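So the sequence lines, in the order shown, correspond to chains A and X.
If you read the first sequence in the numbering used here, its first letter stands for residue 1, the second for the next number, and so on.
If you read the second sequence in the numbering used here, its first letter stands for residue 525, the second for the next number, and so on.
Derived from the structure by calculation, the hints contain no laboratory data.
In this text the structure is predicted, and so the values were computed from the model without any measurement.
Do not take every clue at face value.
[What the hints assert, rightly or not] Okay, the calculated beta carbon distance ranges per label pair:
id, chain 1, residue 1, chain 2, residue 2, range
1, A, Arg458, X, Asp576, 43 to 49 Å
2, A, Ile72, X, Asn681, 40 to 46 Å
3, A, Ile72, X, Asn742, 23 to 29 Å
4, X, His613, A, Asp109, 47 to 53 Å
[Stated by the list, open to error] Computed, partial: chain A to chain X, Cβ under 8 Å:
id, residue
5, Pro88
6, Leu93
7, Gly98
8, Pro100
9, Ala153
10, Leu372
Beta carbons: idealized from backbone N, C-alpha and C, even for Gly.
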Amino acid sequence: MLRIGIDVGGTHTDAVLLDGDAVMAETKALTSADVLSGIMEALEAILTDHVGQEDSIEAVMLGTTQFTNAVIERRELSEVAAVRIGMPSGRGLAPKVGWPDDIAACLGDNSYSIRGGHLFDGWPIADLDEAEVAAVIDDLVSKKVEAVCISSAFSPMNPEPEQAVAKRVRAALPTSHITLSHRVGRLGILERENAALLNTSLLHFADRVVTSFVQAVRGRGLNCRFFVSQNDGTLMDAEFARHYPALTFASGPTNSLRGASKLTGLQDAIVVDIGGTTSDIGILQGGFPRESNVVIEVGGVRTNFRMPDLLALGLGGGSIVSDDGAVVGPRSVGHKLVGEGLVFGGETLTATDVVVAAGKAAVGDAGRVAHLDPEVIATATSRITEMLNLGIEKMKPSSDPLPVVLVGGGSVLVTEKLAAASTMLHPEHAGVANAIGAAIAQIGGETERLVSYDQTPREAAIEMVRAEAAEAAVAAGAERATIRVADIEEVAMSYMDGNTTRLRVKVVGEIAGLDRSSDRTAST
Amino acid sequence: MMLGAESLEDLSLGAAFLATGGGGDPYVSYLATREVLEDRGPTELISIDDLDDDAYVVTIGAVGAPSVSLELLPSVDDPEKALLAFEKHVGRTVDAIVSFEIGGGNSLIPLAAASARGVPVVDGDGMGRALPEAQMMTYAIAGVSPTPALALDYAGNVAIFETDSTATYERHIRAMAGAMGGMITAVEHPMTGRQLKHSIVRDTISFSIELGRVLRENRGNAQRIADPLRQAFASSLYGEMFHLYTGKIVDYASSIVGGYDVGQATIESFDRDAPPLTIDIKNEYLVARIGDQVVGSVPDLITVLDYETATPINAERLRYGQRVTVYGIGCPEFYRRPNALAVVEPRCFGFDIDFVPIEELSTHHLDIEG
Numbered sequence: 001m002l003r004i005g006i007d008v009g010g011t012h013t014d015a016v017l018l019d020g021d022a023v024m025a026e027t028k029a030l031t032s033a034d035v036l037s038g039i040m041e042a043l044e045a046i047l048t049d050h051v052g053q054e055d056s057i058e059a060v061m062l063g064t065t066q067f068t069n070a071v072i073e074r075r076e077l078s079e080v081a082a083v084r085i086g087m088p089s090g091r092g093l094a095p096k097v098g099w100p101d102d103i104a105a106c107l108g109d110n111s112y113s114i115r116g117g118h119l120f121d122g123w124p125i126a127d128l129d130e131a132e133v134a135a136v137i138d139d140l141v142s143k144k145v146e147a148v149c150i151s152s153a154f155s156p157m158n159p160e161p162e163q164a165v166a167k168r169v170r171a172a173l174p175t176s177h178i179t180l181s182h183r184v185g186r187l188g189i190l191e192r193e194n195a196a197l198l199n200t201s202l203l204h205f206a207d208r209v210v211t212s213f214v215q216a217v218r219g220r221g222l223n224c225r226f227f228v229s230q231n232d233g234t235l236m237d238a239e240f241a242r243h244y245p246a247l248t249f250a251s252g253p254t255n256s257l258r259g260a261s262k263l264t265g266l267q268d269a270i271v272v273d274i275g276g277t278t279s280d281i282g283i284l285q286g287g288f289p290r291e292s293n294v295v296i297e298v299g300g301v302r303t304n305f306r307m308p309d310l311l312a313l314g315l316g317g318g319s320i321v322s323d324d325g326a327v328v329g330p331r332s333v334g335h336k337l338v339g340e341g342l343v344f345g346g347e348t349l350t351a352t353d354v355v356v357a358a359g360k361a362a363v364g365d366a367g368r369v370a371h372l373d374p375e376v377i378a379t380a381t382s383r384i385t386e387m388l389n390l391g392i393e394k395m396k397p398s399s400d401p402l403p404v405v406l407v408g409g410g411s412v413l414v415t416e417k418l419a420a421a422s423t424m425l426h427p428e429h430a431g432v433a434n435a436i437g438a439a440i441a442q443i444g445g446e447t448e449r450l451v452s453y454d455q456t457p458r459e460a461a462i463e464m465v466r467a468e469a470a471e472a473a474v475a476a477g478a479e480r481a482t483i484r485v486a487d488i489e490e491v492a493m494s495y496m497d498g499n500t501t502r503l504r505v506k507v508v509g510e511i512a513g514l515d516r517s518s519d520r521t522a523s524t
Numbered sequence: 525m526m527l528g529a530e531s532l533e534d535l536s537l538g539a540a541f542l543a544t545g546g547g548g549d550p551y552v553s554y555l556a557t558r559e560v561l562e563d564r565g566p567t568e569l570i571s572i573d574d575l576d577d578d579a580y581v582v583t584i585g586a587v588g589a590p591s592v593s594l595e596l597l598p599s600v601d602d603p604e605k606a607l608l609a610f611e612k613h614v615g616r617t618v619d620a621i622v623s624f625e626i627g628g629g630n631s632l633i634p635l636a637a638a639s640a641r642g643v644p645v646v647d648g649d650g651m652g653r654a655l656p657e658a659q660m661m662t663y664a665i666a667g668v669s670p671t672p673a674l675a676l677d678y679a680g681n682v683a684i685f686e687t688d689s690t691a692t693y694e695r696h697i698r699a700m701a702g703a704m705g706g707m708i709t710a711v712e713h714p715m716t717g718r719q720l721k722h723s724i725v726r727d728t729i730s731f732s733i734e735l736g737r738v739l740r741e742n743r744g745n746a747q748r749i750a751d752p753l754r755q756a757f758a759s760s761l762y763g764e765m766f767h768l769y770t771g772k773i774v775d776y777a778s779s780i781v782g783g784y785d786v787g788q789a790t791i792e793s794f795d796r797d798a799p800p801l802t803i804d805i806k807n808e809y810l811v812a813r814i815g816d817q818v819v820g821s822v823p824d825l826i827t828v829l830d831y832e833t834a835t836p837i838n839a840e841r842l843r844y845g846q847r848v849t850v851y852g853i854g855c856p857e858f859y860r861r862p863n864a865l866a867v868v869e870p871r872c873f874g875f876d877i878d879f880v881p882i883e884e885l886s887t888h889h890l891d892i893e894g
C-alpha cells in the first residue's frame, strides 16, 4: 500500500510517494498563489510513473503553511465572537487585549465577559449566571454570529463552564463554528484564549481548504483517506482539521525533523536544515522535535502553542561572502542564487561559489570561480564550518556526542566533518524530508491538566489525563488499540497547595482503518 | 516627571531584568496598568528628595503565586479599589504611593493606583530587585511596621491585617492569598515621608525604564548588549555589572519546597572550554558558582538572559537546552549594611556560605564571549 506526503512551504511544495519506507517518487514544485494548483502539479509529478496504481494509495498527508500565513498576512480571517467566562476577575482586560490593531479588527468587536470559571484549587470564581448566559445567546442570535470562541478561567483543570456555554450556543445557533479554549491551548488564559480565537477565526477558511483539497485529489482518482500535519509532528484526520486549523502552525519544520528521523532511523540526533538564507538547527529527542518553552507569537498575537525549538543561523547556499572570505552571511542573495551567484553567471560571491571553488560540489559552472584565491576559499570554508559547529554546540542538549543529520538544498555547504558531530549523515531524499515527515507520521493527541497529587494519586492522575489525550487522538483518527504514550511532562506549581502539578500527556497511535500489513513505519 | 502608557513597555522589560528570575511575568500587570494610564491619564513620578517629610505614603502591589495569575486575571480597577478600601479603613487619604518590589509586575501596579487616585508615585522601591519575603524589604529592615495592611481579592473582598510583627504579617498574608484565589492586591507599610527617606532604594523606577530602553534598543544577541548594560549600571545606584557566564542549560531540576520553587540549573559553555556554572534558585537566582567557587550571591543580583534575544528569563521558564548569558550586578548599598545582610545574606536562604561582594569575586570570573 502506498502513501503520499505533501508539504506546502512558502517557496516550495514538496511531495513524495512512499511504499512503506521506500521512496518511490519525489518532487519539488513551486508553491502557487492559489496553493491548490501547486499541490496538484506536485501530485501529478509523483504519479507520472505510477499511473494505474491510484487504488493502492491508502492515504494522503498534507503539511501546510496556509493557516499560519493567513494569520501573518491577515487574510481569510472571519469575525469571531469571544465569550470569556471568568468575571469578576479580569475586569477591563477583554478578549484580544494586547493584540495588534489590524488583526484585532479582522475578528470584529463582539466580545463578552461573563461570570464563572474556577480558581486554582477548584473553588468557583462565580457560578454561571443563567440570565447573563441567556443575554449573550440572544445577542449572538440577533447578530447572526457564525463563529464563537469560548474560554474559561482554569478550564484546563475544569472545562465544564466552557462546555455548558457551548451547549447553549450550539442549541441556539446550530450551524455556528465553535472552539473551546481547553481543546487547543495550554495553561495561561490569555495565551490559550488567543490560540482559540485564531483557531475560530480560521474555521471558515479551513472548511474551504479541506473541501477543495479533498475534492481535487479525489478528482485525480485517489479515493483514499486524508490527513493534515500538526505542529507536534503528528497527524489529524482532515475532517478533524476542519475544527482545529491552528494546530497546523509550524508543522513545516517539525515535519522536516521527523522526516530526518525516518530517513536515518535515528531517534536522538541534531538536524541541520540548510536553505538559501538560513540554517535551522533542531533537536530530535525520542524521534520528535524538542519543543520551545518561550511564548510564541503568531502574527503578533501571543499564544502558547507547542513549537519546535529551532536555532536559525544566517547561513545558507546564497549567503554573501566578503572579499577576504572572513565573513559569511547573514546577508544572502536568497532565492536569486541562480542568477546572482558566480557559478550561475552572476557577480556576487556566495557560500555556494566557495564550495564549488573548493571542488566539493558540482553546481553551475566551476570555471567561473577558478580565479578565486585559494586562501580566500580556505578562510570562507573554515568560517562556514565554524558557524555550524558553534550553532550545533549551542543546541546540543549535553556534551554527549550526537549524530548530525543534514537536510535541505544547502547541505552541500558542509564539506568536512563537523567537530560537534559524532557522525554525519547525508541521507538520500534529504531535500524532501518534510514531505516524508508528513507521510510517515502517526495520529497524535495531547491533553494538559492541572492536578493535585494529594487529591488524586499520581498514577491515577496520569491515567486520567492519558485517557483524555487518547480520546483526542481517537477523535483525530487514531486506532484505539495502538495508542501509546509518547511524552509525559510534569511541572510542579509554586505556591499552590496539595502538590499541584501541571501534567501534560501526549499520545500517538496508528491511523484507524488502514491496512498496515505492508506498513513498516509503525514503530517510531 | 509624568509617566504615560508609552513608558510601560520599557519599565516592564527593565523590571524583568531586575527581577533576578522571580517576580513572575509582568505581562498581565503591564496590560492592566496600560489600560488605567490610557484611561485615567499619566502618573506623576516624583523624586524622594521632593517628598514632604510628613507625607503619608503606602506601598501597593500583588502578592501570591505568579503561576496562578496565569489563569486568574487581575482587574484594571483592583489597585484603585484596594487603595480606596485602605483609606476607608485608616480614615485618611494617602499622599503618595511607592513600590515595594521593582522586580516584575510590582513595579507597575503602583502606577495604576496612583493614576486612578491622582497622587504621585515616589521613584524607588523596597528591594531594588525581587526577593521572596516581606522581612527582606528595606522598609521592614528600617523598622517600618507592615500594618495596618489590606488585601483585596478578585471579587473585591477585603481582609485587614493588624500586627507589628513582619514575620506574622508575612505568614498571614501568604495564607490569605491562598484562600483568596492565589493572587491578591496588597496595600501595606504605611509610613511617613521621613521614614521612606531612610528606607527607600531610590530612583529604581526611572532606572528600570532606562534599563528597558537599553535592552530594547540593543535587542539581539547577548554579546551586543553587554557594553550598553554595563554603562547603564555604571551610572546607577547599583554596583558594577559582571559577565558571569555564557552557555546552555544542561541540567535543570526544581521542586516545590515550603511553597517556594527551589531548584538548581547547570550551564555549560558552548565549546566546554570552562567548567560549568551552577545557579541555586529559590524563586529568584540566589547563588552562582563555577565549580566550588562562588562567583555571585544574594543580595547581589544574578540575572539570566536568553542568548539569542537578550530577553530576561524567569526561573520558572528555564529549560534544558536553553542558550543563556548570566550577569551579576552589585546590589544597592542599602543591602550591604550589616542589619540588611542579616536578613538577606545567603544563610537566610539556607546556603552555608558567607556573603562576599561580587566585585571582590570578580577576579575569578572567566570572561567568555562577553
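Each hint tested on the structure:
1. For the hinted restraint 43 to 49 Å between A:Arg458 and X:Asp576, the CB-CB distance of approximately 58 Å leaves it violated.
2. Range check, A:Ile72 to X:Asn681: about 43 Å between beta-carbon atoms, so the 40 to 46 Å window is met.
3. Between A:Ile72 and X:Asn742, the C-beta spacing of about 26 Å keeps the proposed range 23 to 29 Å intact.
4. Against the hinted window of 47 to 53 Å, the Cβ-Cβ separation of X:His613 and A:Asp109 comes to about 39 Å, which falls outside the hint.
5. Hint status for A:Pro88: holds, given a least beta-carbon distance of 5 Å to chain X, under 8 Å.
6. Because the beta carbon of A:Leu93 sits about 5 Å from the nearest beta carbon in chain X, less than 8 Å, this interface hint is met.
7. For A:Gly98, the interface hint holds, since its Cβ comes within 8 Å of a Cβ in chain X; the closest pair sits about 5 Å apart.
8. Checking A:Pro100 against chain X by beta carbon gives a least distance of about 14 Å; that is not within 8 Å, so the hint is violated.
9. Taken as an interface hint, A:Ala153 checks out: its beta carbon lies about 5 Å from the nearest beta carbon of chain X, inside 8 Å.
10. Annotation: interface hint on A:Leu372 violated; nearest CB of chain X at approximately 30 Å, more than 8 Å.
In the structure shown, a violation is registered for the earlier hints numbered 1, 4, 8, 10, in ascending order.
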